[in-house]
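Visitor: Quick note, the sequences are listed as chains A and B, same order.
The first sequence begins at 365 in our numbering and counts up by one.
The second sequence begins at 148 in our numbering and counts up by one.
Just so you know, these hints were derived from the structure itself, not from any lab.
One or more hints might be untrue.
Pair by pair, the computed Cβ-Cβ distance ranges are [as the list claims (entries may be wrong)]: (1) B:210 / A:640: 26 to 34 Å; (2) B:181 / A:512: 33 to 41 Å; (3) A:601 / B:181: 39 to 47 Å; (4) A:463 / B:158: 32 to 40 Å; (5) B:173 / A:463: 45 to 53 Å.
Even for Gly, the Cβ is constructed at its ideal location relative to N, Cα and C.
Now for the letters of each chain:
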Amino acid sequence: VSPPAAGRIVHSEAVMGTVVTFDLRGPHAHTAGARRALRRGCLSLQRADAVFSIWKPESPVSRLRRGDIGLDEAPPEVAEVLDLCRRLRHHSGGWFDPWALPGGVDPTGVVKGWAAARALGHVEAAGIDAAMVNAGGDIAVCGRPEPGRTQPGRPWRVALRHPDDARLCLGVVPVAGALATSGTYERGAHVIDPRLGRPGAGAVSATVVGPDLAWADALATGLVAAGAAGLGPIEALAGYEALVVRADGTLVATGGFEMAPAPAALRQTGPPAPLVRI
Amino acid sequence: VSGTATGTAEDTRYGTVQVAVTVTKGRITDIETVELSATDPHSQQINAEAVPALRRQALAAQSAHIDGVSGATFTSDGYEASLQSALDKLGLAS
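Assemble the whole structure, with the sequences as input and the hints as a guide.
Guide: Written out as structure tokens, the structure reads:
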């Protein structure tokens with residue numbers, strides 16, 4: 365949530381079963397070009413929802429899952445996303461697998477991140493200096509939020525919700541490209557373990573940072589099923605780092621995962637949970 | 148930017164939430180809950196605990212230069228959407 369300020373436009377769009385917030389900053393944020401880019405970004409999210417939603421019975425992906433249409437009859441972005449899913453299945457060590465789910469192929473674990481990254485692309489292409497798209501906690505950024513005249517300024521800062529308590533934060537993570545969190549809290553155990561074919565219990569939440577939000581989103585989804593065992597494949601990916609919160613509250617992270625303490629008002633009382641590096 | 152504005156009423160899994168925000172010189176100084184309705188006791192309890200915390204969170208996040216939160220909740224999605232719509236109104240009024 366961001367208060368209005370000079371050189372800043374904030375817009376919230378209800379889409380894909382969540383709220384997507386655009387935060388545009390810098391001298392070009394107030395231009396007509398920025399408003400057009402924002403509109404294009406919102407339309408691209410609405411289209412992604414219409415094409416990929418498995419909760420809309422008439423969406424192309426729902427029809428594909430039922431076998432009503434073939435892949436060649438679906439909009440071209442469906443083949444693009446399924447191709448991405450195949451690569452992500454490989455790079456996640458098999459922990460992200462849209463084909464392992466009951467009911468047919470389900471790219472939901474990557475669509476929100478993919479769509480938000482594409483929405484940010486519309487804003488970036490319009491020459492906006494710095495922007496953040498936050499799709500219900502899946503976050504893509506470009507530029508820096510407070511650029512100075514001679515220095516680039518601080519990075520975007522994202523607080524991670526505490527899995528046990530929505531009122532608290534685990535810590536604050538600097539983000540240069542993308543950050544995604546997946547968790548079993550609130551929605552129940554909604555991540556299926558592709559190796560068991562039923563809800564996994566590897567982690568209560570997982571966060572992935574890296575250059576591409578579609579990748580971060582899918583890898584975080586896979587990590588919730590995998591738990592700390594899924595960190596190895598991510599450590600091997602250039603530019604990606606990850607954090608897993610286990611059911612006992614302990615934290616396990618890849619070697620380069622950066623996190624600063626949460627502000628005092630949002631921190632859990634008592635000693636901080638130990639963080640183990642793989 | 149200074150002023151007060153009421154946000155949109157947002158429907159969440161746990162009922163409807165609507166807030167009003169006061170901004171003084173570009174900073175949020177207060178958030179008031181205008182509407183908070185839920186039909187069942189479970190949702191009422193969730194809201195009663197979540198809403199004061201969400202208010203505290205929004206104010207603390209601002210002072211700590213936090214640009215976003217990852218890992219949100221249904222109540223917080225609605226709270227944040229209502230709050231953001233109130234802030235958007237003030238942005239337009241400036």
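Visitor: All hints, please: hold or fail.
Guide: Checked hints:
1. B:210 / A:640: 26 to 34 Å: holds (31 Å)
2. B:181 / A:512: 33 to 41 Å: holds (38 Å)
3. A:601 / B:181: 39 to 47 Å: Given about 46 Å between the Cβ atoms, the range holds.
4. A:463 / B:158: 32 to 40 Å: holds (34 Å)
5. B:173 / A:463: 45 to 53 Å: holds (49 Å)
Of the numbered hints given earlier, the model fails none.
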